[in-house]
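Asker: The primary structure of each chain is shown beneath.
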Amino acid sequence: AGCSSRSASSSDKEDASKKPIIISTTGEHAFFSETNKKGKLEGFEIDVWTEIGKRLNREIQWKTAGFPGIIELLDSGRVDTVADQIGITEERKEKYYFTDVYFYVPYRIVVAESNNSIHSVNDLYGKKLGLLSNDIAYSYFDELDPEQKIEYVNYDDSTGVPADVAMGRLDATLMSSLHIDTVKKESGLKIKGVGEPVYTEDNGYPFQKTKEGKLLRDQVNGVLKELKEEGFMKKTALKWFGFDPME
Amino acid sequence: MDISFKIPYFISMFPKILQLFPETIKVAFWAFFLSLFFALVLAIIRQYKIKGLYFLSSVYVSFFRETPFIGQLFLFYYGFAQVSKTIRSMSPFTALIIALSANYCAFMSEDIRAALNSVEKGQYEAGLSIGLKPLSVLKRIILPQAARIAIPGLSNNFISLLKSTAIGFMIGYKDMMAIVSMETSRSYRFLEGYTAAMLLYWGIISLLSYIQTQIEFRLNRIY
Amino acid sequence: MDISFKIPYFISMFPKILQLFPETIKVAFWAFFLSLFFALVLAIIRQYKIKGLYFLSSVYVSFFRETPFIGQLFLFYYGFAQVSKTIRSMSPFTALIIALSANYCAFMSEDIRAALNSVEKGQYEAGLSIGLKPLSVLKRIILPQAARIAIPGLSNNFISLLKSTAIGFMIGYKDMMAIVSMETSRSYRFLEGYTAAMLLYWGIISLLSYIQTQIEFRLNRIY
Amino acid sequence: MVDVKELKKSFGKLQVLNGISFHLDPGKILVLIGPSGTGKSTLLRCLNYLERPSNGIITIGNVTVNARAAKKKEIYHLRSNTSMVFQNYHLFKNKTALENILEPLLSVKKLSPSFANAEALRILDEIGLSEKKDSYPSQLSGGQQQRIGIGRAIAVNPKVMLIDEPTSSLDPELVGEVLHLLYKLAAKHTTMIIATHEMEFARQIADHVLFMEHGQIVEEGDPMTLFTAPKKERTRQFLQKFSLNL
Amino acid sequence: MVDVKELKKSFGKLQVLNGISFHLDPGKILVLIGPSGTGKSTLLRCLNYLERPSNGIITIGNVTVNARAAKKKEIYHLRSNTSMVFQNYHLFKNKTALENILEPLLSVKKLSPSFANAEALRILDEIGLSEKKDSYPSQLSGGQQQRIGIGRAIAVNPKVMLIDEPTSSLDPELVGEVLHLLYKLAAKHTTMIIATHEMEFARQIADHVLFMEHGQIVEEGDPMTLFTAPKKERTRQFLQKFSLNL
Ligand SMILES: Nc1ncnc2c1ncn2[C@@H]1O[C@H](COP(=O)(O)OP(=O)(O)OP(=O)(O)O)[C@@H](O)[C@H]1O
Ligand SMILES: Nc1ncnc2c1ncn2[C@@H]1O[C@H](COP(=O)(O)OP(=O)(O)OP(=O)(O)O)[C@@H](O)[C@H]1O
Ligand SMILES: [Mg+2]
Ligand SMILES: [Mg+2]
Chain A
-13 AGCSSRSASS SDKEDASKKP IIISTTGEHA FFSETNKKGK LEGFEIDVWT
37 EIGKRLNREI QWKTAGFPGI IELLDSGRVD TVADQIGITE ERKEKYYFTD
87 VYFYVPYRIV VAESNNSIHS VNDLYGKKLG LLSNDIAYSY FDELDPEQKI
137 EYVNYDDSTG VPADVAMGRL DATLMSSLHI DTVKKESGLK IKGVGEPVYT
187 EDNGYPFQKT KEGKLLRDQV NGVLKELKEE GFMKKTALKW FGFDPME
Chain B
146 MDISFKIPYF ISMFPKILQL FPETIKVAFW AFFLSLFFAL VLAIIRQYKI
196 KGLYFLSSVY VSFFRETPFI GQLFLFYYGF AQVSKTIRSM SPFTALIIAL
246 SANYCAFMSE DIRAALNSVE KGQYEAGLSI GLKPLSVLKR IILPQAARIA
296 IPGLSNNFIS LLKSTAIGFM IGYKDMMAIV SMETSRSYRF LEGYTAAMLL
346 YWGIISLLSY IQTQIEFRLN RIY
Chain C
146 MDISFKIPYF ISMFPKILQL FPETIKVAFW AFFLSLFFAL VLAIIRQYKI
196 KGLYFLSSVY VSFFRETPFI GQLFLFYYGF AQVSKTIRSM SPFTALIIAL
246 SANYCAFMSE DIRAALNSVE KGQYEAGLSI GLKPLSVLKR IILPQAARIA
296 IPGLSNNFIS LLKSTAIGFM IGYKDMMAIV SMETSRSYRF LEGYTAAMLL
346 YWGIISLLSY IQTQIEFRLN RIY
Chain D
257 MVDVKELKKS FGKLQVLNGI SFHLDPGKIL VLIGPSGTGK STLLRCLNYL
307 ERPSNGIITI GNVTVNARAA KKKEIYHLRS NTSMVFQNYH LFKNKTALEN
357 ILEPLLSVKK LSPSFANAEA LRILDEIGLS EKKDSYPSQL SGGQQQRIGI
407 GRAIAVNPKV MLIDEPTSSL DPELVGEVLH LLYKLAAKHT TMIIATHEME
457 FARQIADHVL FMEHGQIVEE GDPMTLFTAP KKERTRQFLQ KFSLNL
Chain E
257 MVDVKELKKS FGKLQVLNGI SFHLDPGKIL VLIGPSGTGK STLLRCLNYL
307 ERPSNGIITI GNVTVNARAA KKKEIYHLRS NTSMVFQNYH LFKNKTALEN
357 ILEPLLSVKK LSPSFANAEA LRILDEIGLS EKKDSYPSQL SGGQQQRIGI
407 GRAIAVNPKV MLIDEPTSSL DPELVGEVLH LLYKLAAKHT TMIIATHEME
457 FARQIADHVL FMEHGQIVEE GDPMTLFTAP KKERTRQFLQ KFSLNL
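Residue numbers (my numbering), protein chains in the order written: chain A, -13 to 233; chain B, 146 to 368; chain C, 146 to 368; chain D, 257 to 502; chain E, 257 to 502.
I should point out that these hints are in silico values taken from the structure, not numbers from a laboratory.
One or more hints might be untrue.
DSS-like, lysine-lysine: derived pairs with alpha carbons at most 30 Å apart [to be verified]:
| # | chain 1 | residue 1 | chain 2 | residue 2 |
| --- | --- | --- | --- | --- |
| 1 | A | K5 | C | K230 |
| 2 | B | K284 | D | K327 |
| 3 | D | K440 | B | K284 |
| 4 | C | K284 | E | K269 |
| 5 | B | K151 | A | K200 |
| 6 | A | K176 | B | K230 |
| 7 | A | K79 | B | K151 |
| 8 | C | K230 | A | K49 |
| 9 | D | K366 | D | K440 |
| 10 | C | K196 | E | K269 |
| 11 | A | K178 | A | K195 |
| 12 | D | K328 | B | K196 |
Just so you know, these numbers come straight off a predicted model, no measurement behind them.
All chains, full assembly: derive it from the sequences and hints.
Answerer: If you want it as structure tokens, here you go:
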């Protein structure tokens, strides 16, 4: 990575303000980033970035890929950021510049409809709890379950988890409270959310730890602040989720 | 910096991945021996067109070879679970072994069939001519000769199987790859994780390949 | 019943999946022919222990056979992209074909090697004895005879390849399976989705298998 | 005892056996002679159903098989009464010379290993290949392979031996020895049917000779008569070359 | 012209050729005789390097190859000067009878397809197998396969033909025809080295005879002398059986 990349980045800089912002997303994450019947992306993230693009006077381009491909697109410099309800954690902060939090996702316990014995984390002790590999729940469970009394069952993705809860293979799982009702409705699975949120996930947009990354992050932060203040975020959240998570 | 690759993290992955090695190897070995056995049966039925069973076995091979494994696994583990209590209370470990065996035996039967086919007809006839029953000819004459031809293909399948155990993570079974995916989705250091996994798999499977080479060498010596 | 199976949804999946059929088949065919070609080269080098290339090709086969494909794909498309502008600007389509070919040719070379090995030494000698150069003997005598033994294994690999295109979704290439996982990720009606996919794959690959059977029949007739 | 009636066999359109009938008493040696491609090997192969005849009734010892209604059991039974020496040997490639001969002793006749071993070594000695006992077929010369083939068939100790060109790769010394070996078997009441193109060998070993052409029996008789005073013109012509060559 | 000096070959510990030397003028026919397993086939196979000798110098036509420093190019050159009839035929299994004979004509001699076809059909006719032109090796009788093997070697039209047991599966009529065929080739100055165990055939065709045993030349000479008045006791003994059999 010698002179060629340096010259490339210096020329990048000149028209950096005109270049499109490229963003990766899965396109298969309900309400945040979905692919509609016409094959077009829609969702909360899409609306937010369309607005950010307008305000920064930059074109927005989307790249879809599976998880963790969307993250690697960022690492390999193909995209500028990732918009797909990415949770901020200390570990991830080492690797990326994150924007300020733009969304809080509360996570609740989900159990089978017939289960009436679980209402809080304490009720999970000695029970089987299904978690996804990319859940950030782990960072919270060090505190919530310091003695490791819960039996954790990990899954690669969420496909089978609600079904296992409904069937009784799992006692519970955690689900973003934004999604519980839709999943229940669309899948017809006999599950329900119980108790208060166990934890909330702070979502932000990650940028590469480079000069350009920091620059763009700062610009986006500026816009996000505006959007929050002007109520755009609230309006968009209501449109997709029916409530404002920032409250 | 153009490349972000954190060596200490990369190194820290090795012991973590290796911890799950038993989970990978347990499923792989069980599934391999089960599927080898059934593959042998299927191959023999199909190569010698054994009446009554030929059609059934052809449909079996066709279905399991030609549909995606993930579908087979889901249908078995989630679909059939709705009608069978046994399956509903089955552990992911058992379910994974069953699904993998059912799938791989279809593929492996094709390798074995080709190998049986490579043995000259004269060997079979010679076996019959001294009074051996067809099954004995198969066991004592044909299979030992077919083995050296079947081994590379079977070894391909065993290697795939070893890696396929990762799919178990879809139904909650954790193998070596699962830990990579868990660890890296926390840190988002996927390259480090996958590279570590690659080296480990390479090391482990190299050992198996070495055994393959040795067996092949011994079997080929006399031809 | 805990999980319901919604027939209309199931039926609605078919056209959606089929829409992506061209994407699946394009990658599969390209990758198959590329890997077949390189597999042939690798198999010949390894079977005849061609000096200078033998060691290299063994390392190649070992690496690509013995490490997880997902790792290879990531290392290539995301890792190397950090240092190579060519790769950074490569389309997922191209990258997927390259990665699949590089991987499958290692597996396929083993099937071909076994098939070459199944042809009697005498056939090779007879070819040399009439004055053919080794490569001509290979082309005109050995390969046509090896084909009938190689076909079941190669066909196994082609089928796997057709299904492997699904992994392309990791780097943003959408094939038939990608649409299933996208569709079902929201509705959680994965049984409907995967069952539909299974039937479609079964139908499509059955056609290919039929061709395999026909070729095998023709090749075996004369032995 | 061997009895064959109206045996027919065709490959596709090619009629290879055209109604062959003959009878052979126990302990007798029948020799088949005739031009190349006439159906000698096919006839032998049909006799133990390695090739399925399209028509005919075959009786060997106490088993009778009608080609039009052959049952699996009958066929196995037929085979267990016979053994075969193949024109191209067909030794078991995965077994040494010794193991090739041991195979019928251990797996079919179920002798005890030590007894089988002694017997196999005796046979190896008889065919002059004790030294090669641990060689694999690929490491044997043509003549050596042919003798192992004969040895293997002897080990079966069947009622009837079907022998296809047993001396094709053997030098005069060994032809003499094989002749001797087969005499000894005949003395032990083993019935033999031998296809050969070595007329001298045929003349010396045969009790009865069939001269075949185009899948039919042209002439048959005892060797003395057939070789010295054949009745048919075609036989005379075929044998003429034999005498001319000598 | 063929010249061989001190040719040696061993398989593992087994010394199969023990220093063979001989010289052969163009258009002459050398016949190798000797007991089974003596190294006749191995000698022929060494002559065109299908088997790598451990020692010795081989000259065929204008090519000389020293076993201690054999180069790839020399070996190809050597092979292009020779053709081989194998003891077990080794016909190309994926090709019909006609295609087997066409192969050297088209791929090595690069004749035009129509010309090659005519030539191949002529050869097929000469070996009496025109009818079988579209049969695959698996569909041919032993004698038919052997003749195709001879036909294929003839098609190469080499300086030297190496022929291993060309008559082992042939009846007397065909032995006569092959004899005739080889005579014609010799008249066209094709040099031939033939391993055979058929003494009568050897006596009739040979210009020079080598009697080998245990990888060594025991005695050599013109057939007249060697067959009627051998000098060595061992030769006499070997040939005695031959006369006895007759
Ligand atoms: N599988 C087959 N398919 C078609 N034709 C065949 C097959 N096997 C043999 N034939 C033909 O049947 C005829 C008889 O063959 P067979 O081997 O019985 O002859 P043979 O008398 O033993 O000859 P030889 O003395 O040369 O061994 C030959 O013309 C041969 O080409
Ligand atoms: N690949 C091999 N490995 C070990 N030994 C071998 C090999 N090939 C041949 N031999 C041995 O070498 C000796 C010579 O074999 P060769 O085939 O040259 O004999 P031959 O004179 O042609 O005999 P025949 O008349 O029986 O054909 C034999 O004893 C044989 O067992
Ligand atoms: Mg025959
Ligand atoms: Mg020989």
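Asker: For each hint, tell me whether it holds in the structure or not.
Answerer: The hints, checked one at a time:
1. For the hint linking A:K5 to C:K230, the alpha-carbon distance of about 18 Å falls within 30 Å, and the restraint holds.
2. Our distance criterion of 30 Å between C-alpha atoms is met by B:K284 and D:K327, whose separation comes to about 23 Å.
3. Distance hint between D:K440 and B:K284 is unfulfilled; the C-alpha atoms sit about 34 Å from each other, more than 30 Å.
4. Among the hinted pairs, C:K284 with E:K269 is inconsistent with the structure: their alpha-carbon atoms are about 35 Å apart, more than 30 Å.
5. Only pairs whose Cα atoms come within 30 Å are accepted, and B:K151 paired with A:K200 is accepted, the gap being roughly 20 Å.
6. A distance of roughly 18 Å separates the Cα atoms of A:K176 and B:K230; the hinted pair therefore holds under the 30 Å criterion.
7. With a CA separation close to 14 Å, the supplied pair A:K79 and B:K151 stays within the 30 Å bound.
8. The suggested pairing of C:K230 with A:K49 holds, with an alpha-carbon distance near 18 Å, which does not exceed 30 Å.
9. Proposed proximity of D:K366 and D:K440 is supported: the alpha carbons are some 24 Å apart, at most 30 Å.
10. For the proposed pair C:K196 and E:K269, the alpha carbon gap of about 27 Å is at most 30 Å, so the pair holds.
11. Between A:K178 and A:K195 the CA atoms are separated by roughly 41 Å; this puts the pair beyond 30 Å, and the hint is violated.
12. Distance check on the hinted pair: D:K328 and B:K196 sit about 13 Å apart at the alpha-carbon level, within 30 Å; holds.
The earlier numbered hints that this structure contradicts are 3, 4 and 11.
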